[in-house]
Amino acid sequence: MFEKIRSDFWYELLNSPVTVISSLIIGMIVIGCAFAPIFAPHTPFDPATISIMDNNLPPVWQDGADARFLLGTDLQGRDVLSAMLYGGRISLIVGLGAVLLSVLIGMAVGLLAGYFGGWTDAILMRVAEVQFAFPPILIALLFNGILKTTLPAEVFAAAAVPIMVLAIGLAGWVQFARIVRASVMVQRRQDYVTSCEAIGLPTRTIILRHITPNILGPVLVLAMLQIAVAIVTEATLSFLGLGTPLTEPSLGALIQIGSQYLFSGIWWVVIFPGTMLLVMVVAFNLVADWVRDYLNPRLR
Amino acid sequence: MQFLIARLFQAAIVMLCVAFIGFLVFQYIGDPVLALVGQETTVAERDALRESLGLNDPIIVQYFRYVANAIQGDFGISYSFNREVSEMIADRLPATIELVLLSGVLSLLLAVPAGIYTGIKRKGGIAQTIMALSVIGVSVPSFLLGILLILVYSVWLNWLPSFGRGDVASVLGFETSLFTLDGLRHALMPAAVLCLFQLGVILRLIRAEMLEVLRTDYIRFAWARGLPARHVYLGHALKNTLVPVVTAIGLQLSSLFAFSIITERVFQWPGMGSLLLHAIGQSDIPLLAAYLIFVGLIFTISNLLVDAIYVLIDPRIRHGAR
Amino acid sequence: MTDFLCKVEGLQVTFPHRNGDFVAVHGFDMHVKRGEIVGLIGESGAGKSTIGNAIMDLLSHPGKVTGGRVLLDGDDIVQKTDKEMAYLRGRRIGMIFQDPMTSLNPLMTVGDQLSETISVLQNVTMQQARVMAVERLSGVGIPEASDRMNQYPHEFSGGMRQRVVIALAMAGDPDLLIADEPTTALDVSVQKQVLDLIRSICVERFLGVILVTHDMGVIAQTTDRVYVMRHGKLIETGASAQVIEAPSNQYTQDLIAAIPRIDLREERFRNPPKKTGEIDKWLLENKPSAQTGDFLTATALEMDFATRKTTFWGKGSGFRALEVPDISIARGEVLGLVGESGSGKSTLGRILTGLMQPTHGTVSFTDHGPLTQVKSAAARKALRRDVQVVFQDPYSSLNSRMRVDQILAEPIRFHGLAERGQINHLVGALLERVGLPADAGRKFPHQFSGGQRQRICIARALSVRPRFLLCDEPTSALDVSIQADMLALLMELRRSLGLTMLFVSHDLAVVRQVSDRVAVMKKGVIIECRESEALFDAPENDYTRMLLETAPRARVCS
Amino acid sequence: MKTKMSKTLIRLISTCAITIGLSGAAQAEILRVASQGDASSLDPHSHNESFTNYFLANVYEGLVARDVNFEITGQLAESWEQIDANTWHFKLRPNVTFHDGAAFAADDVVFSMTRALAETSNFKHVLASVDSFRAIDDLTVEIITKAPNPILLNDLLDLMILDKDWAEANGAQEPINLQAEEKSFSATNANGTGPYQIVSRAQGERTTMAVNEAYWGEIGNVTEVDFTPINNAATLVSALLSGEVDVVMPLPLQDIARVESAEGAKVVSSAEARTMYIGMDQWRDQIIESPVEGNPFLDLRVRQAFAHAIDAQAIIDRVMQGQATLVSQYVMDKVNGFNPDLKQLEYNIETAKSLLAEAGYPDGFELTMDCSTDRYVNDGQICQAVVSLLARVNIKVNLIAQSKAQFFPKVVAPEFGTSFFLLSWTPSTMDSLNVFQNVLGTRDLEGGTGAWNISGCSVPEADAIVAKAATTMDPEAREAMLQHAMQLMVDDVCLIPLHAQQLVWGTGANIEAVQHPTSEFPLELFNVN
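Sequence lines, in order, name chains A, B, C and D.
Residue 1 is where the first sequence starts when you use the working numbering, and the numbers rise one by one after that.
Residue 1 is where the second sequence starts when you use the working numbering, and the numbers rise one by one after that.
Residue 1 is where the third sequence starts when you use the working numbering, and the numbers rise one by one after that.
Residue 1 is where the fourth sequence starts when you use the working numbering, and the numbers rise one by one after that.
Please note that a few of the clues may not be correct.
Claimed, not checked - Pairs of lysine-lysine, BS3-like flavour, derived with a Cα cap of 25 angstroms:
1. 396/D with 353/D
2. 80/C with 123/B
3. 123/B with 83/C
4. 123/B with 64/C
5. 33/C with 80/C
6. 121/B with 281/C
7. 233/C with 33/C
8. 64/C with 121/B
Derived by calculation from the structure, the hints in this document are not laboratory data.
All chains should be built: construct the whole structure from the sequences, respecting the hints.
Here is the structure:
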């Protein structure tokens with residue numbers, strides 16, 4: 001499976017322009033957002049720099065526009081482009097953070113359950129099953145909702161991003177646990193594991209140095225799909241008002257704010273962030289699909 | 001059979017866990033009293049109210065009260081509506097169920113044939129297009145889609161109503177809008193939005209399974225012994241494809257419920273989802289807790305059904321083999 | 001020319017690939033008459049199965065026929081459209097696949113699958129089809145056919161399934177039957193029955209059979225004529241007996257020579273110890289104190305497996321997989337362990353090497369004491385150093401993510417058998433010792449052939465300087481020619497290093513070549529355990545005798 | 001039977017209405033109203049929240065009410081006389097019946113007043129000044145106040161009358177009856193004397209009302225009301241524009257232009273009594289959620305500096321889309337006690353900076369602001385604007401924008417857990433005494449004054465004057481006192497007044513709507529042409 005990566009990787013990749021483009025897009029967005037302070041013409045999260053007098057300006061190519069604001073401004077006078085970059089940064093942080101969390105938990109649980117089996121497996125997987133009955137987005141929603149109603153507003157606002165990472169991360173680990181467990185059980189039956197035991201290697205070494213590298217493939221694919229899901233979830237939570245605070249909106253929050261003005265002709269506050277969100281998610285999905293097909297050519 | 005009993009037992013455990021979480025939520029209250037009283041209420045009055053809501057009793061007492069009541073379908077009084085929670089959920093349930101069913105059926109009807117087709121003709125132009133669309137389908141956030149649909153069909157074209165459930169007719173003592181023209185016009189966009197994501201997911205799943213199955217020896221052998229395509233694809237391949245798909249569909253059902261929350265918010269669909277969001281907005285804890293438990297129940301039941309179907313399809317489980 | 005049922009002329013099959021097309025079969029000629037069984041033999045990758053698939057027009061993507069003709073009663077079926085081809089399949093040409101386990105739709109009753117096929121091919125109603133189906137089933141020797149009609153494939157044994165598969169392949173009464181390794185997945189005893197069945201069908205129905213196999217024994221047993229293939233080319237053809245007895249082609253000769261003989265122990269496997277290089281000195285540093293006595297003894301071994309737990313708290317009913325009152329292996333001896341699949345031979349092997357815990361009973365090593373006492377990390381390490389394993393599947397037994405030198409260095413480093421500086425040198429030496437270039441370590445496992453991988457596995461086992469080696473079907477995944485070398489290597493190592501061995505295999509011929517003592521297992525019990533030669537020459541147990549008789553032999557001589 | 005018929009009738013009509021699109025005059029008698037929220041309950045004593053009160057005012061009636069001209073007139077009370085300073089006699093209107101046909105009489109009034117004082121009632125304040133009440137005869141009720149109360153009638157505006165027998169028959173003697181089998185019958189059922197009666201109600205979804213045939217008074221031509229809550233601003237407007245509804249209230253400000261330009265729809269707006277303020281902690285020695293030492297707001301100059309730094313006009317123009325009026329004080333001009341002589345502190349960054357410097361904060365300071373996002377028109381945006389405005393005088397504000405459900409518990413009694421916040425008030429009595437007692441008066445939680453004085457400001461002199469005014473029956477004298485008190489409070493910058501917002505509805509072109517500064521919607525005064 002993995003040996004293919006070394007041999008055919010570039011050939012296969014270049015054979016799929018869609019993937020190349022998607023990867024480029026992701027790259028651009030990630031860099032643009034990561035270095036938002038450098039690229040963004042304004043700092044939308046700093047109230048001192050935004051003036052209410054500049055609000056609701058259309059994009060530059062429309063009349064009544066202001067050259068300082070390429071994609072126009074929102075009701076607060078925030079530069080939409082900058083807000084998108086800063087917001088996108090939040091979305092990406094949440095997306096990556098949450099998936100990272102899911103992967104860590106999922107891998108740990110999956111490896112233990114899959115390798116030791118028996119009671120460890122029974123208990124861990126029962127827990128997983130209970131959670132699996134609930135769609136991740138609902139778990140994240142309830143988690144956030146409950147915290148929002150119980151935590152003091154200032155705490156919630158301050159910790160909005162970590163909370164979302166936690167919510168989405170905790171909601172998503174089960175898929176990883178299941179897939180890891182499944183592939184560990186396959187690997188475990190492989191003779192190379194038995195030979196490791198025959199050599200007398202300690203279990204930790206066997207799991208970490210021998211089994212783990214062999215199960216990364218499916219995990220990688222799932223992770224990329226999950227990043228897309230996590231970003232959408234974050235946007236959705238923010239859209240429902242459970243996410244980032246008004247003063248530091250993520251993409252979803254931007255869209256939510258904008259959606260109230262959508263029909264008032266102030267379309268740019270929704271359409272631009274919306275497009276960015278959509279493009280980002282589609283790109284992630286396409287790349288993930290490609291990697292999956294690449295690692296599992298039968299599906300092509 | 002034993003398999004099902006085991007499942008039943010697990011379902012019970014799941015419900016216990018959910019109920020426990022529900023109770024924790026119920027306990028973990030900010031200050032419901034203030035959600036209840038308006039301006040111009042003095043401290044003393046608030047305390048009195050707090051007392052009468054039993055919020056000053058010891059935790060254990062409250063816990064037992066809660067569980068006992070919950071079993072009788074009494075989840076307490078909504079702080080924000082001064083109404084029995086169970087009543088309110090009962091009011092909202094039909095709306096959500098009809099939405100979920102409508103979009104669920106819709107997505108299945110479209111996804112299964114499309115999935116099979118793309119699985120069989122995976123190089124074909126149409127198949128490729130379908131797959132491309134499905135990527136969009138799973139990617140576009142449903143709230144965004146909803147907003148855009150409203151913009152186009154309600155605001156610009158003014159074809160479809162942008163909100164609400166429309167007229168309901170009582171069918172078998174179950175208020176539904178699926179049997180009135182107006183109701184259907186209202187249900188169309190929400191159902192479409194809700195359906196699209198599921199459509200993408202199931203379609204891709206079925207395709208993947210189809211590809212897996214078509215590679216198996218027994219399909220090659222079916223070809224080898226001269227069975228016509230119809231038999232091979234629909235008779236042999238499809239049935240085997242369904243085994244894993246059925247489980248997934250069970251999960252999709254519950255995720256439909258989850259996504260209905262968003263759809264209901266966007267289209268003002270008066271279902272349980274909008275109720276939940278209201279509860280969160282108003283920190284209406286009893287409502288939150290009840291919702292949690294209720295949804296848990298629905299999911300558990302749907303999963304049970306899936307397991308049952310599973311047993312029907314796959315003889316190996318029936319005979320307890322591997 | 002039409003006296004040939006099927007005639008293949010200059011067949012060429014190509015698998016296009018971005019860096020150069022791969023020609024799996026070039027310019028291949030063969031013909032089949034009605035009523036004869038034609039064998040098609042070759043080692044893995046010879047392209048023998050490809051020919052069968054090409055005739056059926058069932059080549060796996062992206063392979064396609066790029067030349068030659070396939071004449072069926074004179075008309076070329078390569079030119080036929082998919083539709084026409086689909087019509088021929090089942091009606092004119094039937095096919096049987098290797099693995100009966102996966103050839104049947106698990107979700108349909110055997111009856112349904114058969115009557116469906118019959119009603120389609122014979123275009124009769126379902127009712128009629130069911131009636132015929134019952135006949136067909138009993139026709140292929142399935143008892144109480146009418147009852148078994150309603151059972152699912154997983155309720156049939158391997159042999160029975162293969163019979164069902166044959167019934168299905170014959171449902172349309174084809175004139176040509178292509179059997180692709182029909183018995184490879186089956187135990188020898190069953191193997192014979194299935195082959196006999198094919199033979200009888202061939203005779204009764206007067207149809208032509210192409211029997212694709214890698215096993216010269218099968219050829220000898222069943223076929224009238226044989227085509228020997230290598231690298232997609234025809235090497236030699238002729239009457240089976242004549243080809244086997246007096247092969248004209250060098251490759252064929254080697255092929256046949258390589259087949260271990262069940263009827264006698266050949267000298268070539270007992271080659272003398274190599275002159276010991278300095279690597280052997282290193283390997284022998286772990287020389288046992290005593291040279292005689294038992295290496296290990298086991299008493300009252302029992303192993304129960306729980307059937308798949310139905311509920312996560314419930315225990316699930318167990319079944320007795322193994323029951324061995326006592327067994328021992330003497331120092332320096334090779335104990336062969338034979339039995340059919342499911343006889344528990346591998347389980348026993350793993351228990352004896354401490355890789356599996358028996359439900360009851362103890363395994364005790366003379367130098368380490370009973371396994372149950374081996375607790376401390378140090379003691380375990382010491383034991384693991386002495387006892388090593390070589391597995392059947394050379395592909396799954398190497399970690400594909402690690403470089404070969406890493407794989408070999410890890411045990412040495414872990415057991416601290418050499419200073420850091422030496423390790424690389426040692427790894428190279430080990431590789432050379434098992435017949436690989438010293439620099440092979442810089443490659444990854446997937447860059448080696450099956451045989452080479454198996455050598456790497458042996459090198460890894462040696463890397464801890466073991467004194468006991470469990471060989472679990474070490475050669476059954478390899479082609480015969482490679483198998484021979486492998487056996488030779490093992491035997492040579494055993495002598496040079498004075499290894500004690502437990503050699504597990506289903507192949508009696510192989511076992512005979514290597515073992516001093518042989519234990520025959522059946523259903524978890526050792527039914528006969530004696531000196532190798534004695535046992536093979538005069539088996540006492542009926543089961544043993546049956547095994548010996550049914551085992552396919554290339555040459556039928558005393 | 002009747003309800004069933006009218007139910008189906010409504011279905012029929014509304015279906016046609018929607019399918020046809022813009023509703024023509026054909027179905028003139030049905031009025032489809034959409035609002036951002038729903039009435040929390042049908043119980044007139046359960047939620048004291050303006051929208052719910054005004055919603056129910058169409059179903060229930062009080063002793064007195066406001067007419068088209070916003071004058072207080074008798075509703076269920078035909079007339080009243082003041083026997084002495086504290087004793088009032090109300091003559092009830094004869095031959096009035098409840099929706100279920102039961103006759104209305106004095107004991108219903110007594111019952112309703114008792115009920116309003118029940119534990120789970122939120123209308124106790126209405127009768128705060130009342131000492132006792134009783135029925136003299138079937139059509140006369142006597143109310144005795146603790147002290148002379150010049151605005152008793154204004155207080156009584158919010159007191160709705162239920163049918164005693166109906167309530168008792170259904171165990172609805174209290175808003176929430178924890179004993180009863182159905183704990184909150186009156187939350188989902190109504191039986192008033194008002195012009196409209198509930199036909200069907202699905203909470204948060206749809207409520208239909210039919211005209212009360214037996215109503216004693218005048219009713220416009222609206223015979224059926226179809227009420228739908230739509231909490232998404234965008235959807236609300238599109239519903240109006242697509243003709244799915246006839247009235248939306250409030251109309252989201254950003255959509256005014258659009259509705260005005262659309263044919264078939266129009267914007268109705270008028271001054272509202274709701275006034276927005278910025279509050280500053282003036283009672284703590286150390287302000288909370290801020291790194292600054294001590295409490296800057298104790299210094300009048302700091303409060304003035306803030307007032308100068310906040311450009312109220314910009315907020316009106318930009319955030320409120322001009323739909324608000326600048327106010328110099330804590331009430332708008334229609335309210336008793338409005339002082340015409342007061343001037344707003346003008347927007348001037350320089351003044352603000354120098355004042356801060358004098359006060360010892362040349363480099364400004366950092367603090368936290370609490371703000372609700374779903375309670376008042378554009379409240380969240382107003383706060384963000386304030387934040388960026390203050391940033392120009394180096395005041396760094398950390399905004400905590402939160403839902404009302406979180407905001408109010410945090411900022412009101414007993415914690416008053418904020419040092420800088422946005423607040424708004426509507427004197428439901430249209431008398432500034434209401435503001436003084438609740439918002440501006442020195443805190444005295446036992447005495448029930450200053451319960452909403454979150455900034456904790458205290459001007460004893462003003463308190464004294466207000467106390468006197470409270471019992472002064474002579475209108476002119478009283479007015480003068482209130483205006484003086486207002487002067488004092490404004491000079492002290494107890495709060496920074498931002499604006500009085502406009503009441504903005506969108507309606508179909510064919511709708512005659514009536515608006516009151518209190519934002520109530522007396523549907524019986526509406527007409528469909």
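Structure-based check of all given hints:
| no. | hint | in the structure |
| --- | --- | --- |
| 1 | 396/D with 353/D | holds, 14 angstroms |
| 2 | 80/C with 123/B | holds, 23 angstroms |
| 3 | 123/B with 83/C | holds, 20 angstroms |
| 4 | 123/B with 64/C | holds, 18 angstroms |
| 5 | 33/C with 80/C | holds, 22 angstroms |
| 6 | 121/B with 281/C | violated, 63 angstroms |
| 7 | 233/C with 33/C | holds, 21 angstroms |
| 8 | 64/C with 121/B | holds, 19 angstroms |
In the structure shown, a violation is registered for the earlier hint numbered 6 alone.
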